[in-house]
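K.L.:
Let the sequences and hints guide you as you build the complete structure.
Numbering (full-length UniProt numbering), first residue to last: 1 to 540.
Source of the hints: derived by calculation from the structure; they are not laboratory data. Possibly wrong hints are sitting among the right ones.
What the hints assert, rightly or not - Quick list of in silico lysine to aspartate or glutamate cross-link-like pairs, DMTMM-like style, CA-CA up to 20 Å: (1) Lys186 with Glu128; (2) Lys106 with Asp339; (3) Lys321 with Asp354; (4) Lys244 with Glu270.
Unchecked claim - So the derived label-pair ranges between C-beta atoms look like this: (5) Asn188 with Lys504: 56 to 62 Å; (6) Leu359 with Arg419: 25 to 31 Å; (7) Ala192 with Tyr127: 18 to 24 Å; (8) Asn302 with Ser237: 21 to 27 Å; (9) Glu218 with Tyr130: 17 to 23 Å; (10) Met451 with Ser237: 31 to 37 Å; (11) Glu266 with Leu196: 21 to 27 Å; (12) Asp329 with Tyr130: 19 to 25 Å; (13) Ser194 with Pro369: 51 to 57 Å; (14) Asn126 with Glu422: 42 to 48 Å; (15) Glu266 with Asp162: 29 to 35 Å.
Glycine is no exception: its CB is placed at the ideal position from the N, C-alpha and C atoms.
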Amino acid sequence: MSYEAFQLLSRGGVTFDKSKPEAVLFSKHKDTKHNGKISPKLQTGEIPLELDFFKYAQNNQGKRKKDNSDSSPGKRRKTDRDEDDEEDIEVLAHETESRKPATSHKIAAKGANIPPFIESFGALQNYEKYAVPHHIFSNLKSSGYLEPTGVQTACIPIILKDRDLVAISPTGTGKTLAYLLPLFAKLNTPAASSELPAGVRALVVVPTRELAHQIHNECLKLAQGRKWKIVLFSKASANALSHKAARDKVDIIISTPLRLVAALQEGNLEFTNVQHIVLDEADRMLDAEFMNQIQEIVGACNRSRVQKAFFSATLPAGAEKLAMDMLEDPIRIVVGLKDTPLPLIAQSLTYVADDPSKLPSLLTYLAQPYNPPVLIFTSTQTRATSLAEELVLIGISNVDCLHAGLSHKEREDAVSRMRRGESWVMITTEVMARGMDFKGVREVINYDFPMTVQSYVHRIGRTGRAGREGKAVTFFTDEDAPYLKMIANVILQSGFTVPEWITKLPKPSKMKRRQMGKIKRPDAVNPARSIGRRDAIKQR
DNA sequence: TCGCTTT
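P.N.:
Here is the structure:
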């Protein structure tokens, strides 16, 4: 790294505004000409303004600094398109009441007898119709939720009608509330204060401990004021629930799957009264590694009718098939385009030649003005740890590291530091890729190239949450060529640009075949050369 | 397809 970069970094070349509010305010937004017209009729049409999650994009403090002097190798200059988008964000961010959102988003709904979308949280106050406990509304308000997002308008009435559901909505658009709110209505009364049949009634299953923790916190906010018993399942809480009397008072358990399976096998838990199962990050939960556990959990829920709701921002066809096979007469909701990042996230690719070139490129990046905290993804725990160590040695302030190889306490502490704004540069792995909502994160760097579109979409979705803008930079080396085009396609589809030569790369399948054949490209300095090697590939 | 996650 350059001496100047080192100087800048070691004297703390960044500033961080700790006063940045974490809470987002949702704008009250009525467009009367659509009022009263909300019905499944507009299932595949354009979503009315008041249903669009972008309407609450009014939080504009801390506009990011311009990064127009990045000299990383292969870094693309800002294009006209980028400038346009920035204009849009600016306009969008300033609007409060009546202006049109810059991006129109569609909600597509498929299935039989789809319940009408709700217009507002206020509409849910019709207790005879929806049975949402009244204290939920004041808790919504005090948590800053004023109007529902797109996924919430569609999914809340579906879950209230006890229908099975697959819901796909982009990162940071409020999926958690879309299932938690109706769960409280379905449960209606805390088990502790009712004569209902006893036992756990709802499960929320998620892929990581940190995400379970975060959802538990959201759940507690909604539960305030009544005796709801919401359990973040852990070894400790599992022991606490080993007595049936304690279990009978539990309303909702939030957990990772293996913990639940362990408790089931130990006989410390039974799901005979479970009426609702939510799989968050559903495509991840239906991966081969989790599938057996999920089946065991679902199988243990042996009531005649168990409502299932699956949520994610991404759902590859294979996972969707698995999901649909588990559901009864399901409704499928898609907000925006499946497997696509939010347009508010500015995406770019940065060519870094090879692995040893990554660190200098990162230091160049960090030497420019940036908005901490920056979230940096690596491909392995070891690489996360060693990159963090190197940055600390170099003298960069407030570097942090979080992966599943750390102890529970180390993981919790790292998340806390992140939430308090103490981490400026957080190095992490896939464990942080899904669901985590650090509202201050404005910039994500893929230090190691993501292996799937889903990984890419979720990683960069750690920024641009709840209508804020965000920025995502992805490093790529010659070795990433087999996966480059599919990520480039996502970026292009979002309306951003990639180096033109990438669009001319051969089909990924051919690249993969070459990789599997272990044909090494000679040390390619100029990436454009790889185009010329198509013929050699064809001859194989 | 990898390593990631999961008592």
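K.L.:
Check the structure against each numbered hint from earlier and tell me which ones fail, lowest number first.
P.N.:
Structure breaks hint 3 only.
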